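J.: Below are the chains, spelled out letter by letter.
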Amino acid sequence: MALFKRPNFLLTQSKKRGVPGGLWTKCESCQELIYNKEWENSLKVCPKCKHHCSLSAPERIRLLVDEGTFEEFDPNLIPSDPLKFRGPKSYPEKVLQDQAMTGLKEAVMTGRGKIEGISTVLAVTDSRFIMGSMGSVVGEKITRAIEKAIEEGLHVIIVSGSGGGARMYEGCLSLMQMAKTSAALAKLSEAGLFFISVLTHPTMAGIMASFASLGDVIVAEPRALLGFTGPRVIKQTIQQELPPGFQTSEFLLAHGMIDGIVERPELKKTIAKFLNYFSWGRR
Amino acid sequence: MDLRVFCLHLLALGGGPQSGHPPHCKKIFWMNGIMKELSLEFEKPIVELENRIAELKKFSEKKGIDVNQEIKALEKKLDQLRREILEHLTPWQRVQIARHPQRPYSLDFIHLMMEEFLELHGDRRFGDDQALIGGFAKMGNRHIMVVGHQKGRDLKERQARSFGCAHPEGYRKALRLMQLAEKAGLPILTLIDTPGAYPGVGAEERGQAEAIAVNLREMSGLKVPVVAVVIGEGGSGGALGIGVADRILIFENAYYSVISPEGCASILWREKGKMVDAAESLKLTAHDLFSLGIVDEVIEEPAGGAHHNYEVAARNLKKAIEHHFSELELVPLQQLVEIRYQKFRKMGVFQEFTPEQ
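As given, the protein sequences belong to chains A and B, one line each in that order.
Residue 421 is where the first sequence starts when you use the numbering used here, and the numbers rise one by one after that.
Residue 90 is where the second sequence starts when you use the numbering used here, and the numbers rise one by one after that.
In short, the hints are calculated from the structure, not lab data.
Just so you know, not all the hints are guaranteed correct.
Stated by the list, open to error - In silico lysine to aspartate or glutamate, EDC-like type, Cα no more than 20 Å apart, as pairs: (1) A:Lys-607 x B:Glu-271; (2) B:Lys-435 x A:Asp-494; (3) B:Lys-435 x A:Glu-571; (4) B:Lys-312 x A:Glu-610; (5) A:Lys-509 x B:Glu-351; (6) A:Lys-607 x B:Glu-307; (7) B:Lys-361 x B:Glu-307; (8) A:Lys-655 x B:Glu-351; (9) B:Lys-272 x A:Glu-610; (10) A:Lys-607 x B:Asp-377; (11) B:Lys-312 x B:Glu-294; (12) A:Lys-504 x B:Glu-294; (13) A:Lys-509 x B:Glu-360.
These numbers were taken from a predicted model, which means no experiment stands behind them.
Using the sequences plus the hints, can you model the full thing?
T.: Right under this line is the structure:
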């Protein structure tokens with residue numbers, strides 16, 4: 421059947437006429453093509469639709485902390501495989517894969533840095549590393565950071581971005597990290613120190629049901645997905661369409677769950693302002 | 090039954106769909122009637138043997154023949170069979186026992202263990218969640234506060250109690266009662282039995298995540314002894330929301346997990362049918378959790394599981410709770426809170442390496 425054989429010349433046509441590599445970025449929300457330089461200048465916020473694309477932990481720290489002032493805490497904590505988890509992919513395999521992809525050792529970076537000159541303790545989760553989920557290492561690093569803040573009398577800022585919540589691969593040990601970090605925040609509050617929780621797309625489940633919801637002040641980036649149960653599961657359970665804008669930052673603001681929505685270019689300034697109020701009363 | 094206790098039973102049901110019958114009548118009805126129809130696949134040999142014994146008894150009564158010896162032998166065999174089947178259960182089968190529709194629920198245990206139960210209602214903010222109940226109770230020589238998840242027995246009650254899935258108002262009521270207990274200096278008992286916190290629009294609107302988070306923070310600082318017991322299902326954050334305690338106990342066939350086996354299977358394997366593997370991997374059984382250092386004691390169940398004998402299950406539970414309360418009452422309150430902090434502080438397994446300079 422030579423007639424129906426794929427003619428050879430098609431091969432040359434099948435080459436993708438896509439975006440030349442490394443020059444343009446496509447907005448994941450509105451598909452707009454944005455020149456890479458402009459993309460970086462706008463802090464990965466789409467100039468057309470204002471979609472806030474996720475930042476990696478190092479990018480977020482660069483955005484928030486005064487240049488050259490960040491000192492990382494506990495960079496040498498790595499996960500082990502306490503359950504010997506047998507999934508389609510083993511836990512160590514998954515960890516190695518995400519370490520290679522992100523260049524990070526775990527899903528959170530913690531440290532001390534100055535925000536417009538004010539010394540603070542900072543923790544930033546990275547939603548690329550196993551969905552930014554919290555296992556023993558994330559729980560331990562955040563708890564250590566909070567304890568350090570108490571020791572040094574500093575306020576704490578945690579930027580959350582985790583679609584995963586408590587990490588399945590470490591079973592109930594992950595679940596207990598929720599209690600551990602929340603208990604540490606109780607101590608921080610007792611010490612008269614403040615915690616600003618910054619919610620970014622997406623913050624769900626075990627992260628949202630522990631430290632992320634416990635800020636003295638809670639702010640979110642625009643149109644982030646924030647909540648406890650994922651929208652797909654809720655839809656399956658109630659067998660109904662979800663209301664428009666369900667579980668977005670705007671939805672949480674309207675229901676009294678957060679203090680405000682802050683666009684990325686304003687975030688550092690806004691945090692600094694809050695910190696000033698916290699310190700002013702204690703001069 | 091004492092009239093006062095009977096009234097309390099009615100009170101406890103909060104005028105719900107079952108308030109016309111005392112729970113014990115209901116229980117007997119369940120145990121004898123639907124029990125056999127609703128038995129799990131691996132329980133079939135037990136049910137068959139039970140049927141044979143019942144038939145034999147009927148036969149001997151009818152014909153007036155003495156078959157006591159045979160019945161005794163069969164009953165011994167039945168007991169052995171229950172033990173054997175229970176010993177070799179897979180994690181997934183234990184999850185099924187934990188979810189067994191005849192398993193004793195919080196109110197069953199409360200009625201069997203407590204001489205008095207004064208239920209308190211409402212979070213003073215939004216409503217009264219029937220999926221998470223609580224109140225003052227007398228247990229032995231102690232006055233305590235008890236809070237616990239509550240599932241329903243029939244369809245109507247199940248719906249009224251949201252299948253044991255609490256809303257934010259449930260967690261807020263629980264916290265209100267626990268803080269009341271702290272003020273009164275009463276020890277707190279929490280009974281955990283939930284598939285998870287309720288997944289719904291209203292729950293999200295009213296801050297499901299915030300309600301749980303606040304409970305985690307506030308429970309860590311309660312200045313009274315707290316004992317938490319997983320009596321059935323320990324479903325993730327919804328369980329932990331009343332689970333920050335000085336002692337965490339679990340029934341032999343209960344489970345406590347970061348995610349349901351079905352949820353884990355659909356995320357990792359991308360097919361729900363893999364829940365058997367997921368249950369295996371998650372290490373969610375009582376004994377696994379004991380070896381991981383998450384629970385302090387595994388409470389033995391009657392042969393075949395708690396649903397075969399409520400009284401024995403309640404007796405074992407009461408003994409364990411009283412033991413832990415009497416130990417905790419010896420610890421000065423300030424120390425108690427610090428020890429509780431350290432208990433959770435130590436949870437987690439990781440590696441820390443020293444970088445080569």
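J.: List in ascending order the numbers of the hints, as given earlier, that are violated by the structure.
T.: 7, 10, 11, 12
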